[in-house]
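Chains as they are written, first to last, in my numbering: chain A, 132 to 529; chain B, 132 to 529.
Honestly, the hints are just simulated from the structure, not real lab data.
Some hints could be false.
Because identical chains share one entry, a pair is satisfied inside a single copy or across any pair of copies.
[As the list claims (entries may be wrong)] Result set (DSSO-like, lysine-lysine): computed pairs, CA atoms no more than 30 Å apart in a straight line:
#1 Lys-422 <-> Lys-456
#2 Lys-249 <-> Lys-456
#3 Lys-252 <-> Lys-437
#4 Lys-422 <-> Lys-249
Protein chains: 2
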Amino acid sequence: MPEQFTPKAELDQRIHRLQQMMAQHAIDGALVIEPTNMFYFAGTMQSGVLYVPAEGEPVLMVRRSIERARLESTLSCIVPFASYRTFLAILDEHGLASPQAPGLEFSIPMEMYGRIEKYVKGPFKDIQGLVARCRAIKSNYEANLIREAGRRQVDNFARIPSLYRGNMTELELGAAIEQQMLLLGHHGMANIQSWGSRLHIGYVSAGENGYYPHMFDGPGGCKGICPAVPELGSQRPIQKNEPVLIDLAFGYQGYHVDMTRIFCRGQLAREALDAQKRCLEIQQWIVELLKPGATPSQIYASMIDKLQKLNWTEHFMGYGDRAVKFLGHGVGLSVDEFPAIAKGFDEPLEAGMVLAVEPKKVLPGVGVVGIENTWLVRAEGDAVKLTAADDDIRELPL
Amino acid sequence: MPEQFTPKAELDQRIHRLQQMMAQHAIDGALVIEPTNMFYFAGTMQSGVLYVPAEGEPVLMVRRSIERARLESTLSCIVPFASYRTFLAILDEHGLASPQAPGLEFSIPMEMYGRIEKYVKGPFKDIQGLVARCRAIKSNYEANLIREAGRRQVDNFARIPSLYRGNMTELELGAAIEQQMLLLGHHGMANIQSWGSRLHIGYVSAGENGYYPHMFDGPGGCKGICPAVPELGSQRPIQKNEPVLIDLAFGYQGYHVDMTRIFCRGQLAREALDAQKRCLEIQQWIVELLKPGATPSQIYASMIDKLQKLNWTEHFMGYGDRAVKFLGHGVGLSVDEFPAIAKGFDEPLEAGMVLAVEPKKVLPGVGVVGIENTWLVRAEGDAVKLTAADDDIRELPL
């Protein structure tokens, strides 16, 4: 795993795109603070703030650690930062005017906002949507990292059956998978942006735990380790002939793919096999629509319409009224990126977007079947499967 | 690992303490949203809001998942929640008036605050400090869980040498430790409250990586996996005769201990052994002061004074001006709890507080030595070591 510092040309291009969007939204200076967003624009993740002016070079102000920022970031202007008290003075030193219409990520905590607004005059505009739209379209550099994450994830899934030992619990298998992922270059834990959500690496959920209720906004369920940590897997042993839902985010150098396969010790019942087949069909229908110009909201509406006609919406994407209202989501530096394949996402898909598509079906009393792969939208037409493994149900040793 | 649901009497006591503090601060209703805080008062961690009135039973309003909240929480009033639009109506249904002086965690994102203030009239007071002070004092129930985390952590550290294989990298050893921790009942990842900080399980840092600059506010350093994920360990092989700093948070049923030991393949130089001895002395000096009534700020000041007289402050608690300005920190449902042993923490220690004490010293060009244990402050006097293992430097196989 070579040391990867984000090239200057790459950062310049990202910052330029943000500046174009800022101009469209009449924002003349943006404060980027959220660590993942800072990493996207600066190539380093520090405590501090990246100031992006309407035009010209950004200024990376770093509280901790300035040394590390200078090691990792290819930006040219990196300066120490003690508090927002000195923010405008630093801008002035760099020939930058105080922003008149500043932008800020409204994902920052209220208390931090309180510290900022004392010294930087608002009103502020929320730049989360702009940053999400920048991040949604992956460059070749980024697509290659996600491709690599995909290759390693395929390898990871292929090795899961060999990790299984008799009478393993969900958690034991999950722990073995986690170690394997780290050794395969996984970067440690899945990054989620939604406030208050955590995912660890994903989860192993056997049988009815596949739809165990969970605060996480996803079609699958997870009982997890304990009420304080509803993640990864529970002490429930994996039984014969039940579907085992393994949904894992693999991250490489910051970039993720999301992938789910159904595993089984033995043989699934006819009902589960039929539902699995239907999920694969739905995946195929969706993926045929993943082209520049298509809108996620239309893809979603057309699929739900189709499934209603087939009378197949009950417990689709979750148990009863716990079902989630999306069929997929953007993936990149976090696993919950823009856009979702859902109502309200009316902007057309663009080449370079990366989306996880995850049709899943709950069979009450049995478990969950379905599929998830991560796809790259291309100008040339057909989306490319970045988790390029077959979609079959995988065997665990009996 | 038995299923642990927080008993009703425990929740009642916690809520009662919060209500007492609310009365002192003229807050007549508190909205608790942050998942760890919700878990503390409700015994479940869901998307939604726990409303604690000035007096009487709280109302847990749950967006997702109401089923899971009802399985896990022993609170009596748990209701579905769609949006803050209905918040006051729900209070009214339960005979509760709209709060006139409401409290809110100012750690919530600005955008969430925007959704709340539309329907709940402010001005709001920040309740983070109140909640932190509630959480700082552990009940017997909590102390027993932390004790159990300590026992398992001791076991974990004892087994680390047997995980080491020739030429392992920091990351390989870290991955093996992480799997072992999960199998020993560790709950998956360390919980940190500071916004933007992540820790995974802690880190393995060999030689000079022990003071590699890092955004995290701690005395040790960590190069980590990559710039996007500066955590756990790097691809650097562990060399002979260098200090290997292993700083890990073990979590059991939501509760953590924090512990550090120095490992070595071979023999440390005299200079490192002397510095290690001094760190153990400093630990002893601090721990003798961990009694109800002592103030953390005074402990900090007296230690720094003592070390200045000994001319021993250079690179103590971090390299050069990267040194952190604390000697320890509260531990519980997160690893960065109130209080810190630092300037500004002038409220006296109380029985039931749990603190990690971590004197560490950087030896430039060599690495980091030192110690970290987690201690329970007791009414009876001496603090109890919850990470009850010897403090010696541990051998890794050559």
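Going down the list of hints, with the structure as the test:
1. Taking the shortest Cα distances, Lys-422 and Lys-456 sit within 30 Å of each other inside one copy (21 Å), while across copies they are farther apart (54 Å).
2. Within a single copy, Lys-249 and Lys-456 get their C-alpha atoms only as close as 40 Å, which misses the 30 Å cut-off; across copies the closest is 25 Å, which meets it.
3. In this assembly of identical chains, Lys-252 and Lys-437 lie within 30 Å of each other by CA distance neither inside one copy nor across copies; the values are 51 Å within and 45 Å between.
4. In this homomeric assembly, Lys-422 and Lys-249 never come within 30 Å of each other (Cα to Cα): the closest approach is 46 Å inside a single copy and 39 Å across copies.
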